[in-house]
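Asker: Here is how the chains run, residue by residue.
Protein chains: 2
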Amino acid sequence: MWFTERQKPGVGITCKVLRTLHREISPFQEIAVLDTEQFGRVLVLDGMIQTTIFDEFVYHEMLAHVPLNTHPAPRDVLIIGGGDGGTAREVLRHPQIEKITLVEIDRRVVEICSHFLPELASSFDHPKVKVHFEDGAEYVQKKEVSYDVILVDAPEPVGRAARLFSSEFYQAIFQALRPDGLFVAQTESPFFNQDLITSVYQEVNRIFPITKLYLAVVPTYPSGFWSFTLGSKRFDPEMLSEDYYFSQAFRYYTPEIHQAAFKLPPFVHALSSPGG
Amino acid sequence: MWFTERQKPGVGITCKVLRTLHREISPFQEIAVLDTEQFGRVLVLDGMIQTTIFDEFVYHEMLAHVPLNTHPAPRDVLIIGGGDGGTAREVLRHPQIEKITLVEIDRRVVEICSHFLPELASSFDHPKVKVHFEDGAEYVQKKEVSYDVILVDAPEPVGRAARLFSSEFYQAIFQALRPDGLFVAQTESPFFNQDLITSVYQEVNRIFPITKLYLAVVPTYPSGFWSFTLGSKRFDPEMLSEDYYFSQAFRYYTPEIHQAAFKLPPFVHALSSPGG
Numbered sequence: 054m055w056f057t058e059r060q061k062p063g064v065g066i067t068c069k070v071l072r073t074l075h076r077e078i079s080p081f082q083e084i085a086v087l088d089t090e091q092f093g094r095v096l097v098l099d100g101m102i103q104t105t106i107f108d109e110f111v112y113h114e115m116l117a118h119v120p121l122n123t124h125p126a127p128r129d130v131l132i133i134g135g136g137d138g139g140t141a142r143e144v145l146r147h148p149q150i151e152k153i154t155l156v157e158i159d160r161r162v163v164e165i166c167s168h169f170l171p172e173l174a175s176s177f178d179h180p181k182v183k184v185h186f187e188d189g190a191e192y193v194q195k196k197e198v199s200y201d202v203i204l205v206d207a208p209e210p211v212g213r214a215a216r217l218f219s220s221e222f223y224q225a226i227f228q229a230l231r232p233d234g235l236f237v238a239q240t241e242s243p244f245f246n247q248d249l250i251t252s253v254y255q256e257v258n259r260i261f262p263i264t265k266l267y268l269a270v271v272p273t274y275p276s277g278f279w280s281f282t283l284g285s286k287r288f289d290p291e292m293l294s295e296d297y298y299f300s301q302a303f304r305y306y307t308p309e310i311h312q313a314a315f316k317l318p319p320f321v322h323a324l325s326s327p328g329g
Numbered sequence: 054m055w056f057t058e059r060q061k062p063g064v065g066i067t068c069k070v071l072r073t074l075h076r077e078i079s080p081f082q083e084i085a086v087l088d089t090e091q092f093g094r095v096l097v098l099d100g101m102i103q104t105t106i107f108d109e110f111v112y113h114e115m116l117a118h119v120p121l122n123t124h125p126a127p128r129d130v131l132i133i134g135g136g137d138g139g140t141a142r143e144v145l146r147h148p149q150i151e152k153i154t155l156v157e158i159d160r161r162v163v164e165i166c167s168h169f170l171p172e173l174a175s176s177f178d179h180p181k182v183k184v185h186f187e188d189g190a191e192y193v194q195k196k197e198v199s200y201d202v203i204l205v206d207a208p209e210p211v212g213r214a215a216r217l218f219s220s221e222f223y224q225a226i227f228q229a230l231r232p233d234g235l236f237v238a239q240t241e242s243p244f245f246n247q248d249l250i251t252s253v254y255q256e257v258n259r260i261f262p263i264t265k266l267y268l269a270v271v272p273t274y275p276s277g278f279w280s281f282t283l284g285s286k287r288f289d290p291e292m293l294s295e296d297y298y299f300s301q302a303f304r305y306y307t308p309e310i311h312q313a314a315f316k317l318p319p320f321v322h323a324l325s326s327p328g329g
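Here the protein sequences come in this chain order: A and B.
Heads up: the first sequence runs through residues 54 to 329, numbered per the working numbering.
Heads up: the second sequence runs through residues 54 to 329, numbered per the working numbering.
Bear in mind the hints are in silico, worked out from the structure with no lab data behind them.
Keep in mind that the hints are not guaranteed to be accurate.
[Claimed, not checked] Taking lysine-lysine and the DSS-like style, the derived pairs with C-alpha atoms no more than 25 Å apart in a straight line are:
#1 B:LYS181 / A:LYS316
#2 A:LYS61 / B:LYS69
#3 A:LYS152 / A:LYS196
#4 A:LYS69 / B:LYS61
#5 B:LYS152 / B:LYS183
#6 A:LYS181 / A:LYS196
#7 A:LYS69 / A:LYS195
#8 B:LYS195 / B:LYS152
#9 B:LYS61 / A:LYS61
#10 B:LYS69 / A:LYS69
#11 B:LYS195 / B:LYS183
#12 A:LYS195 / A:LYS181
#13 B:LYS196 / B:LYS183
#14 B:LYS196 / B:LYS152
Remember, predicted model here, so these are calculated numbers, not experimental data.
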């Protein structure tokens, strides 16, 4: 059996499925876990690949360590989404982290990943991690706590998740950050989602003093090229903090990759400076 | 109609075909030109995507400009393969170039690309470009001329093209280069072709004083992540030459991208230093 994700109307990725490990309709979406020949276990939500054992390390390392190594003392981290646990796992590596709040709308994603993707989801058992099952956009509006770093580990901007790419959401993120805080959001492919990247960049740039794009390669995501948009109140993400954390366990992130990831090809740079 | 390339036994890319513009069996291979919805016109050899209008700029800019901006005065360039013309087009941009020798085994590739992919193949009409229709491995063995830069724009290492990944070939390349010359070969995906990259790196490193890997993102190539192996007799490719050439027409390459491309994620670095 083969699973095909239509990534654009005219292009798809197809992979050989050894076994369907799980499949259900939760109150929010269709959740599937497939065991594939090339990518190992794959989490699929509403037909779209969210993460695979093969290349999840790239996405999770780059989402977590770039902002955490920008902030000189990140202690309180909020993760919006991230129900597979991979982002929390990476954040936990930083010795300075005291508390991780993860807000995932779909309890079943966490439960299913805890069972089928323990390499990622074992982070949920850590005492520093607190999971809330509610809408991330609503949670961040409440502004009950302030954070040093917020990581928006959102799915594609379709349906309910579209709110996680809105200016109201970025404004709420700004309010929920401490005066030297910063946030990162995954913002799709610079080859396939150029309008989205431009629009997010402009919204974030209206709110945050420092806004930058950076890039990484995730083969199972559309086009393989992935963008992250970072908004910061004080610290420039191209400068690593003096106390940056590096581990030999990292497979993609290094301090050099951190800085190289901000070097944008002209066709990507143009997305952050339309007309210029 | 959809065209699917099986990139690995368990994974493929599939794209919607608007029209098959050409299809024939040459003495060397099956050649097809498809017009696709997402990627525009696509050159397919023996069922494998070679180049597309959508993302060819990445591959050709990175294959050509990294070595040409390493060498302080590149005048004579040899291209092995490159029958679509994209690499020659990029080399022609450098004002210092005096002569480009292109050795393509299959005359029909050049003829078909001249007709269907003029954005790439118009370079063949330039007076600085001389095309030879013969086996690249045999041509370079003859050592009739010496070159400043050799670009190995080879297809996948299957069938006859496997010779373009052999130690005898790299030895002949070394002999065909001037005492300060350098060469680059495309060496497939660091996600999907790790053994190949390690083996090429070791062979080249045995022959050349300086051997380095660099990376770029080409969505229509397997995994989207692509490696280039560079062997140099004198100049370090991480240092741009003082007279490097940059054009506003470049869409991927910049001097900063040049240097960033050599920053390897640990899982890629490991391919060039097995066991270390």
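Asker: Work down the list of hints and note, for each, if the structure agrees.
Answerer: Against the structure, the hints:
1. B:LYS181 / A:LYS316: Cα-Cα ~33 Å, so violated.
2. A:LYS61 / B:LYS69: Answer holds: LYS61 of chain A to LYS69 of chain B is near 10 Å, not above 25 Å.
3. A:LYS152 / A:LYS196: holds (16 Å)
4. A:LYS69 / B:LYS61: holds (10 Å)
5. B:LYS152 / B:LYS183: holds (8 Å)
6. A:LYS181 / A:LYS196: With a Cα-Cα distance of about 20 Å, the restraint between LYS181 of chain A and LYS196 of chain A holds, given a limit of 25 Å.
7. A:LYS69 / A:LYS195: violated (44 Å)
8. B:LYS195 / B:LYS152: holds (18 Å)
9. B:LYS61 / A:LYS61: Distance ~21 Å between LYS61 of chain B and LYS61 of chain A Cα, so the pair holds.
10. B:LYS69 / A:LYS69: holds (20 Å)
11. B:LYS195 / B:LYS183: Roughly 17 Å between the alpha carbons, so the hint for LYS195 of chain B and LYS183 of chain B holds.
12. A:LYS195 / A:LYS181: Holds, at about 21 Å.
13. B:LYS196 / B:LYS183: Roughly 16 Å separates the two Cα atoms, so the pair holds.
14. B:LYS196 / B:LYS152: holds (16 Å)
The structure does not agree with the numbered hints 1 and 7 stated previously, though it agrees with the rest.
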